[in-house]
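Each chain, written out:
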Amino acid sequence: MRALSAAFIGLLLTFTVLLLVELRGPGFPPVTITPDQLQLRQGKGEAASDRLMIRQEGANDTSIVLARLPAIEAHRYGRLQWQLDGLTDDQDLKLLWVSNQAPQQIRTLLLTDAQKQQGAVDLTTNVDWTGQISLIGIAVGGALSQPLALMQISLIPAPRTVAGSVRNLLRPWYEREPWSMRSINYREHPENQWQTSPLMQATLWLVISVGTFLILSINVSGQARRTVLVALLLLAWLGLDAQWQWQLLTRLQATHERHGDTPPGMRGPITDVDDWVADLVGGVRKYLRPKDARIVLVTKDPADHVPLRVRYRLLPLNVSPGQTRLPDASRMQAGDYLLLIQPPPDIRYRPDIRVLGDETHQVPVESVAVMRGMAALYRVRAQ
Amino acid sequence: MMHAGWVGVGAALSLPWVVAILWLRLLFPTPMPGRWPLLLGYGYVLGLLVTTLILRLQAALFSALSLDAALQWWPSIVVFGCLILGVLKFQRSGWTVTNSAPRRPPLSVQPAWWQRLLIALLLVLLSIRLLGLALEVWWLPLYPWDAWTTWAVRAQIWAHSQTLVPFVGPETWLAEPSGQSHSILAWRYPPAVSLIAAWPALAFGDWNETVANLPWIGCALALALGLYGQARLWGVSPLTGLLFVWLLLSLPMLGTHVALAGYADLWLATSLGLSFFALMHWTQRGDWRQVLLAILLALGCALIKREGLVWMLLLLAIIPAARLGRGWLLLTPTTAIAAALAIWLAGGIQLSLPMLGQIVLGPDRLQLPGIGTFELQSNGSWEPVIRYLFINNNWHLLPLLVPIAWVAATILLARDMGGPALRAGLLWTTMALFAVYLLFFWTSASQWAERGSSINRILLHLAPALMFWVLTIWYTATADRENGNQPADA
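Chains A and B are the protein sequences, given in the same order. Count along the first sequence starting at 1, add 3, and that's the number in my numbering. Count along the second sequence starting at 1, add 1094, and that's the number in my numbering.
In case anyone wonders, no lab produced these hints; they're calculated from the structure. For glycine and all other residues, C-beta sits at the position ideal for the given N, C-alpha and C. Just to be clear, a hint being listed does not mean it is correct.
Stated by the list, open to error - Per label pair, the in silico range of CB-to-CB distance:
{"no.": "1", "chain 1": "A", "residue 1": "A105", "chain 2": "B", "residue 2": "T1426", "range": "55 to 63 Å"}
{"no.": "2", "chain 1": "B", "residue 1": "P1457", "chain 2": "A", "residue 2": "N222", "range": "54 to 62 Å"}
{"no.": "3", "chain 1": "B", "residue 1": "T1429", "chain 2": "A", "residue 2": "I218", "range": "41 to 49 Å"}
{"no.": "4", "chain 1": "B", "residue 1": "P1125", "chain 2": "A", "residue 2": "A74", "range": "40 to 48 Å"}
{"no.": "5", "chain 1": "A", "residue 1": "L217", "chain 2": "B", "residue 2": "L1424", "range": "27 to 35 Å"}
{"no.": "6", "chain 1": "B", "residue 1": "D1458", "chain 2": "A", "residue 2": "V130", "range": "51 to 59 Å"}
{"no.": "7", "chain 1": "A", "residue 1": "S8", "chain 2": "B", "residue 2": "I1480", "range": "29 to 37 Å"}
{"no.": "8", "chain 1": "A", "residue 1": "A296", "chain 2": "B", "residue 2": "L1151", "range": "25 to 33 Å"}
{"no.": "9", "chain 1": "A", "residue 1": "V130", "chain 2": "B", "residue 2": "V1112", "range": "50 to 58 Å"}
{"no.": "10", "chain 1": "B", "residue 1": "L1445", "chain 2": "A", "residue 2": "E178", "range": "51 to 59 Å"}
Make the full structure from the sequences, and use the hints.
Listed below in structure tokens is the structure:
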């Protein structure tokens, strides 16, 4: 009975403390995306210091502007505002974002005329506005009769209420988080608020419950007291493990949906994350003769995901791990390949003398294939 | 229709296991609680580690004889067949192992109804966890970063070429125009884990990510069985044994390393853990079979990763420490600290040892052969430690449990309880955690801690050993009263 009382008092006190911290603690500042952070992904225009100008629509009469975010928590920001001049009534405006809940999917929200006029939208009730938002932007549908000027996009924190704070405290217990292709040693990405961490919540409950029980059980025998303390510890552990088990089940369900249909004997490298890398590698492979030639991979960041995935997908071909500079020509031999993936900007191919060069090295090559904006393949010529 | 290669995969994964179990059974011929889980758990890990050595030997032999396809899988299968015949011959000849170490009395009390209920509940929880992880391994292609940048790169090339193609550094690779070698950034890392991934793929007949990942789920199962078997041999009840298995398998970081198969750290954690369990048994009861297991698996640590060499040396250090009395136990670290201080004040020492290379112990630099060079300066931060241990749910409540256990062990030691195992366990835990502190607070590895890419994997190596250590303290403190047993050596 004392143990149950201690556990119950612990629960009440923990909840009260966490709620007070959540309500009174430091809030979240608004996030303002300035023109220099905005990228015109579709359409033509230019960025100035105070605005992004969109002068011509892109494919399908659509202009798209996107900005990367430092993975902000959707539930902390309930309202989005923007300042866009030049939009006409016959043009559609869509909000776009990518959440870690579905990293391969761009979420869209077609804005109403009222929202377009207000330059703001309330997202608190949108079911897709969840998880961590890493990419946000707008899409303008329709031909441009005049240039559009996008001054900024702002995310405004949701007002703090008791109900909202309770939801924020409980959300980490049920919000699903998919596997990440980053190092698996970052198992989870909790927000920077200790009070919403299930581990901190469980630890606080355990400490308060144990303290309460010790006060209530001064006359209890040592063995009985120890049994209760261990039971409280195991209960907290079980609660945390239930949350982890639920996470595992949701992740397993997602894995099954993505890969369960593929027979295990046919299973190749993961494709839905980097299908464009697969296309690129497929394009490069058909030019590589003979199969045992050396391929020197040159890229501005050898530790980046893209060159590393290209290298893995090219296996078992003999590809170097990736380097930032061209190799010395004396180290290359005729028939070797140079594969440029997102290369440093100073590497240039001079077709007149068939030489690939940067500031320090010149390698005689012949151009084999160019995948514009993505990669280029060269075969080394005899010197 | 089933791919014919699956039969090969089944044989490749089961034959080394069966061979190792049969040989271990010669060591542990007498039925006792926990024997079969121990044989199954230790057999799996030892079987696969020996397989990697056989593959390396086979590749060297084929290369010396100028034969192609040095990594075909059938010669190793023949070797395993011979090893089975060998063990059967031993058994028929009546060869048996004698062991003079005292045995714990078998548990005589039947579990009460509530204990049986809890056992059933724990079995359900463990089954759900292991089944889920197994399905994840089965369905998910190779996923985590280091797996497809390092470990599986070598495995795939070896599986395709069926030879142990050498891996060299990028500069050496560029300087060799023949194209006979390959390169990865972590080319110095030991080949064992890549060979474990390549082995079933060689049997399958082609590179396949699912096939290459399969040994990882077996590794988790082996760890669970090994822990349960050793816990039962220690004298705890089935309920306590299962409870600690559940505590270990519930750790999210461990589960992640199983689900996202392909990293080496699960193998290192398992080898180190199994070695530690066995060493604790030996320190407590002097069972030479356990020290044999401990040494074999400690050597396995060095085969798996470079950090494994540090863990192996720390494990081996507790062999003499276990024989020391309480006074010596206090004197030894005091002497070590005094020696370190003297070396620091003298400006450091530098030794060149034949076969090993140069050892430098200096105030600003630490260089250990086979491990690496570390520039020493105080530049660590507690912030990532707190974040990854106490805020992110990577370890459940283990980071809270370990300091409590450390205090409890110190109190028990002061009361002269627990025997040599308590001393050895406390010494190893202190040294291991101090080594982690040194790494993340006094070397350039602190930046890995801040980025979070390293701190969890290093702690994963220690997690199984820490869990067993907590079990031994729990056992000493409670004398497993639920079954009316007293610790044999307390």
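ask   = Which earlier hints turn out false for this structure, listed by number in ascending order?
value = 4
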